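Take a look at the letters that make up each chain.
2 protein chains.
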Amino acid sequence: MSPSTTDSLAERLVAGDRRALARAITLVESDDPRGWELVREVYPKTGQAAIVGLTGAPGAGKSTLISALTKLRREQGRSVGVLSIDPSSPFTQGALLGDRIRLTEHFLDKEVFIRSMANRGALGGLSEATLQAALLMDAAGRQDIFLETVGVGQAEVDIIDHADTVVLVLMPGSGDSIQALKAGVMEIPDIIVVNKADHPLTETMVREIRGVLSLAPAEGRQIPIVRTEAARGEGVPELSAELDAHREWIEAEGMLSERRRRNLRSEVISICANRLRRDLESRLQTDPEFEALLAEVVERRLDPASAASRVLEDLEG
Amino acid sequence: MSPSTTDSLAERLVAGDRRALARAITLVESDDPRGWELVREVYPKTGQAAIVGLTGAPGAGKSTLISALTKLRREQGRSVGVLSIDPSSPFTQGALLGDRIRLTEHFLDKEVFIRSMANRGALGGLSEATLQAALLMDAAGRQDIFLETVGVGQAEVDIIDHADTVVLVLMPGSGDSIQALKAGVMEIPDIIVVNKADHPLTETMVREIRGVLSLAPAEGRQIPIVRTEAARGEGVPELSAELDAHREWIEAEGMLSERRRRNLRSEVISICANRLRRDLESRLQTDPEFEALLAEVVERRLDPASAASRVLEDLEG
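Line by line, the protein sequences give chains A and B.
Numbering that gives the first Met the number 0 numbers the first residue of the first sequence as 0 and each following residue consecutively.
Numbering that gives the first Met the number 0 numbers the first residue of the second sequence as 0 and each following residue consecutively.
These are calculated hints, taken from the structure and not from any lab test.
Please note: incorrect hints may appear among the correct ones.
Identical copies go unnamed one by one, so any copy, or any two together, can satisfy a pair.
Below, a list of computed lysine to aspartate or glutamate pairs in the EDC-like style, where the Cα atoms sit at most 20 Å apart [claimed, not checked]:
no., residue 1, residue 2
1, 44, 16
2, 181, 74
3, 70, 233
4, 44, 295
5, 44, 298
6, 181, 315
7, 181, 237
8, 70, 237
9, 109, 74
10, 44, 110
Note that the structure is a prediction, hence the values are computed from the model and not measured.
Just chain A, with the same shape it has in the complex (with noise of 0.2 Å):
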């Protein structure tokens, strides 16, 4: 690819031009360098976008969540963004296919672009691809951006840290998510949906993260609880509502810059830090000396810290 095709899509993308945002993403979940050359062209039509993490186990509505919130908004004449970051297992490839299959209402908008991005297992390099393609979203117009993810722990909520409001999504009976936010394995989100509220569990849960909420902080602000019936819209308007409010309280309060300008510091460092990880693996990859240092470790003659003293020598020397 010449510069000026590179210049060509770029500013396809800058136009809002699907096709082109569709190939920026895959160059940039591949890893490509013309990738990241992209997203570095656009960068400065970037932060206009509101972005929208949402996290939750699996099976608790997120996709159906987001596909009523798309219609929403799509109503209100806003275009959508929607990128779910979908782990795949070894065994169980394809297993979120479902999930997808829920937001098809939407795939012959143009004004709603929506992609999957699979976990392939770089280190840490899933949550650098997803802010890249946020961005790139964010570049050509998007207004609104949902990013998904699957999981209950703090990793996942890492992974949607590059959010401007994230959105726990829990559903009566799952009680593992609640034990998580209990234990502070997971920090607590802006706002917090229990969805499939017509089950009988509803008012119980409630009760349960009211519980867990009035040990945290307030902070000035008090964290809603929305609840919804994803699949028949119901409370769908209530939470657009207080996703608006958490944005107008952050933007009011100066809380918006100072939270990006911390989420773009941490991930330059994770991008710097990730790099420095991927050559140091690509570096021991057929090293004979690092294999005979490990021999030595597994022999238990060498601990793994003094181990790792002697890399970080080598590589210093």
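Model the placement of chain B on the given structure of chain A, informed by the hints.
This is chain B only, laid out in the frame that chain A set:
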């Protein structure tokens, strides 16, 4: 501390002195160089213990289970070490205290050593410190070491990847964990326990687990599903037998040394990568050039990846 004091600490530790072991783990946990030095010294004595990792959502009953297993192993004349990886959040400090209370019945038994390790937000440092602590217990002659992590995600499984045998503890109704397994968020463990098996939904859950496992590659061994009621000791002898059976199997197939070699390899690389990251962070902490670079990123004049490239160029230059 003079070298001779360290020597005697190592000697006392290898002789099985509990106070020496406690002191040694504290040194490792506080990232004291003397801790690393100690591990270096006693490392040749390690590799004897059977290390079992247990993971699962908070509330699944892991501590009760470990307590019951400890009782049984003690009756068999074996010495036991327990390491609880205890995530602490800024607002629920001590939330897991209740878990530790379940282990108090063993506090007076000198052949049982129980220790909690807190997540201090060190970047990946907890996993490092956990392995070091496990090595210390191993050198101190503990025959069975139980590592306990709280959470439902790959990050939690990674921490107990130092173990020879990985056990996932579920309870009926803990839908999130099984969903995580199904979706491939979490890798298949060596043994699955359904605890609180007096629950009416136990058999439904066992069927669900069988369904998930039927999608997984067999690798020459069926993953056992053990029903327990840890609080009453039920099913614990069966679990104990499955732990032994798994260990025999990996030893017979030559997989134990293969697994340990792989674990030690990734451990050495992780220690290196964490040190590189920590060095980077401390260099950037008060670096005015980095702050200037960051200001450009925040003002959307320089993208995060390009900023990272410049940081790395400066490091090398």
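Comparing the hints with the structure gives:
1. Only within a single protomer do residue 44 and residue 16 lie at most 20 Å apart by alpha-carbon distance; the minimum there is 15 Å, versus 63 Å between protomers.
2. Proximity of residue 181 to residue 74 under the C-alpha cut-off of 20 Å is found in neither arrangement, the shortest distances being 37 Å within a copy and 35 Å between copies.
3. With identical chains, the CA atoms of residue 70 and residue 233 are at most 20 Å apart within one copy only, with a shortest distance of 13 Å there and 51 Å across copies.
4. Proximity of residue 44 and residue 295 under a CA criterion of 20 Å is satisfied inter-copy only: 14 Å between copies versus 53 Å inside one chain copy.
5. Only between protomers do residue 44 and residue 298 lie at most 20 Å apart by alpha-carbon distance; the minimum there is 11 Å, versus 56 Å within a single protomer.
6. In this homomeric assembly, residue 181 and residue 315 never come within 20 Å of each other (Cα to Cα): the closest approach is 44 Å inside a single copy and 44 Å across copies.
7. In this assembly of identical chains, the alpha carbons of residue 181 and residue 237 never lie at most 20 Å apart, being 25 Å within a copy and 31 Å across copies at closest.
8. In this homomeric assembly, residue 70 and residue 237 come within 20 Å of each other (Cα to Cα) only inside a single copy, at 14 Å, whereas the closest approach across copies is 52 Å.
9. Taking the shortest alpha-carbon separations for residue 109 and residue 74, only the intra-copy value of 14 Å comes in at or below 20 Å, while the best inter-copy value is 68 Å.
10. In this assembly of identical chains, the alpha carbons of residue 44 and residue 110 lie at most 20 Å apart only when taken from the same copy (18 Å versus 64 Å across copies).
This entry does not satisfy hints 2, 6 and 7, going by the numbered hints stated previously.
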